[in-house]
Amino acid sequence: MKIQDILHETYSSLSANKARSGLTMLGIIIGIASVIAMTALGAGAQSSIEASIQSIGSNLIIVSPGAQRGPGFQVSAGRGSAKSLTLQDVSAISAQVSNVRAVAPEVTSRYQVTAPGTNTNTEVSGVTSTYSDVRNVTVDEGSFITDQNVNDISKVAVIGPTARDDLFGVGSDAIGQTIRIKQQNFKVVGITKSKGGSGFNNPDDYVFIPISTAMRFLSGDQYVNAISISATDATSTTQVQADTTSILLNQHHISDPTQADFSTLNQADIIATASSVTGTFTTLLAAVAGISLIVGGIGIMNMMLTTVTERTREIGLRKAIGAKKRDINLQFLAEAILLTFIGGTLGVILGWLISFAVTYFKILETSVSLSSVLLAFGVSALIGIVFGYYPARRASNLNPIDALRYE
Amino acid sequence: MIEIKNIIKTYKTGDVEFNALNGVSFTIADGEFVAIMGPSGSGKSTLMHILGALDIPTSGTYFLDGKDVSTMTDDELADIRKDKIGFVFQSFNLLPRTTVLRNVMLPLIYEGINASEREARARKSLLLAGLDEGHFKNLSNQLSGGQIQRVAIARALVNEPSLILADEPTGNLDSKTSEIVLATFKKLNKELGRTVVLITHEQDIAEHADRILFIKDGLLLEDKINQIKKTVNQK
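Taken in order, these protein sequences are the chains called H and F. Take the first sequence: its position 404, counting from 1, is numbered 411 in this note's numbering, and each next residue is one higher. Take the second sequence: its position 13, counting from 1, is numbered 104 in this note's numbering, and each next residue is one higher.
Just chain F, with the same shape it has in the complex:
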């Protein structure tokens, strides 16, 4: 459960103050598939950072599963990210020259989970993300773009987060691979009940979600239930 109330984020460049977010409020219930959409400079990245507990707002409150994240220290934020959030980045951010399994196990290392359980959970996540078992021992730089992003999704899943936060997950992928990756998110949401928040600037990507939040100039412009149900071609 995400409750955002009147979030303001101010950046200072020299003497100039700039509000990247100017009082945004919304609620996302567990199990929703939401797209946050907006052109570049709209403040959606800032919103993503706050939702992902990478940053705290200048004012306003952010409750994640009943916990006030908006006033936490760096270490407390790290704990929130470790336990409640799974990130999928546009640029994948896998460790180079490292096996797929080890990449997926990485978040569990910081939880202090023992090696055998780590591997079991990583395998489970990878299968959920739709990667063939044959690739598990491959090095991350031996995979294709679509496979890499599925490894990244598996990594986001492995700590069983309350929220999967995908920042332009298809930005570096061709349209066909994009469809597959989006289908994976949809499957995680529909079949496993994961909360997925997708940040994008593309309308047709956003339309895969059930609900779309339009952000512009640091304000929530529109909060609509998506009527266009896109059918995703799995082939």
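One chain only, chain H, in its complex shape:
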């Protein structure tokens, strides 16, 4: 029996019962579509989380005093033990650790910031010029804190768009205006570009001032709250983290690493943790969708068994005119596979449309991966074979005499 004949037979028997074939196919369509859509949503969630982690800087290692509390900005735990990092540590790291692109210390605290007629409570960060590079801060208008500003202990400020909106009104031109922090006047020299929300703290609600100014006029001491280190590439972050730890232990004369008065956090670790969380969720979603795929497969088996019973006499006739077991087997298996294949194709399209809609309506930036499409096709063909096998076998094993007599 030739392949085109098998396909012709398959097509004509499936189209003879359009409603039944369609409904059976629907099970597979829904199953495949949900697998595709769920994995796309999962991948979207994962990349969105990764992107927001990446937005705080690339290949970043953050050293913070005292206990490790999380990524990004550290809220001061108050004076005392947390005051352990100094600018000497910063120079030691820049001088002695290899594969470091830039080091950015910061002195951060919350202050009431006032502008003429209004005020807000926001984070004020004393930073150096390297900070913008290390922490992915880009300036929208004006300029960032320069080395000159740090050397001169200038009273200049670069403010985030949210802080600007709060102090001077939405979208207003704040360059050249004056803000007051702790009875000191600061001239606004730059506005940073919006980063969008990234979870626990708003990266747009910031005021950046030179670190020297922050030490002299705001914190009044020589300690820094955090040191951000940017490694040259992703592969060297682990080495940079290890070297930084040993240099700082040395600097602080601590011999037992468990007694360290600082902690280091590798951005790669944060991404890995977040990825494993979203990965688990994606697997969970796909598994639920996979169950519906199996239910769809059982639907196929049910339909094929009905078909075999209905067409018993036809099977008897085909056998009487010379069809071998193999011919009958192939014909019914082909029907099941064609059902799941068409169902799979439509399912992929539907799944893609769902994830497209999710992206289009800006719910989440999804991405349909080629591997999930291939997997879906493979699984649907496999379902056709697995759930079509038994009915096809049953058909091919029918005795022609009994089949011809079947009423």
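No lab work stands behind these hints: they were computed from the structure. None of the values given here were measured: they were computed from a predicted structure. For glycine and all other residues, C-beta sits at the position ideal for the given N, C-alpha and C. Heads up, some of the hints might be wrong.
[To be verified] If you anchor each label on the Cβ, the simulated ranges turn out as follows:
(1) H/Val-302 - F/Ser-266: 53 to 63 Å
(2) H/Ile-301 - F/Glu-167: 38 to 48 Å
(3) F/Phe-154 - H/Ile-301: 50 to 60 Å
(4) H/Ile-298 - F/Asp-223: 48 to 58 Å
(5) F/Leu-218 - H/Leu-377: 52 to 62 Å
(6) H/Thr-313 - F/Ala-211: 31 to 41 Å
Since chain H is already given, all that's left is putting chain F on it; use the hints.
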């Protein structure tokens, strides 16, 4: 050439053994028109199944064109049916909602013959079976009983079998259509030299054949050359 020797077919129902055929022997030469006759339960259906290579005997031998069919496997039997036997059934057994041409072409699909030759051969068979060309594209459920049975005869002819086996071919037809169908068999036998074996329980149907084998209780009771030559009214 059909040579049947001492065929026994035993069926088992629980502990009870029952011989449907109890040592039947006969020979049918090429080009004969034979009727196998017997009341229901006589074993003629079992004989038909063995002759049609749908089943094998418990013992005894069956040579079809020199090949021993009695010991074949399922797939070998399928090949015999495909190449050497054409069936015509009482209940026609056409594929529903399928064109006449496709129904007739069906046996050729299993032979792997290409589409254009299939159609040419199917058309030839249909004309031989006496169906108008106007009906070729009709669906099988749009035909009358007589037309359906002629399509079935065309299907039996299409693989150019050594033996056309008709199992009660007129059982579902009225007497007038029966005559036409029987005339078709007679024409195939007389004009084209086909071997036709007709299985029936009706005397007057059997009498259309040249030779009648009476089967009763699994035994061949009588093998006679039919003296009554029925004239078939073609109109």
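Item to check | Earlier hints that do not hold, by number | outcome: The structure breaks none of the hints.
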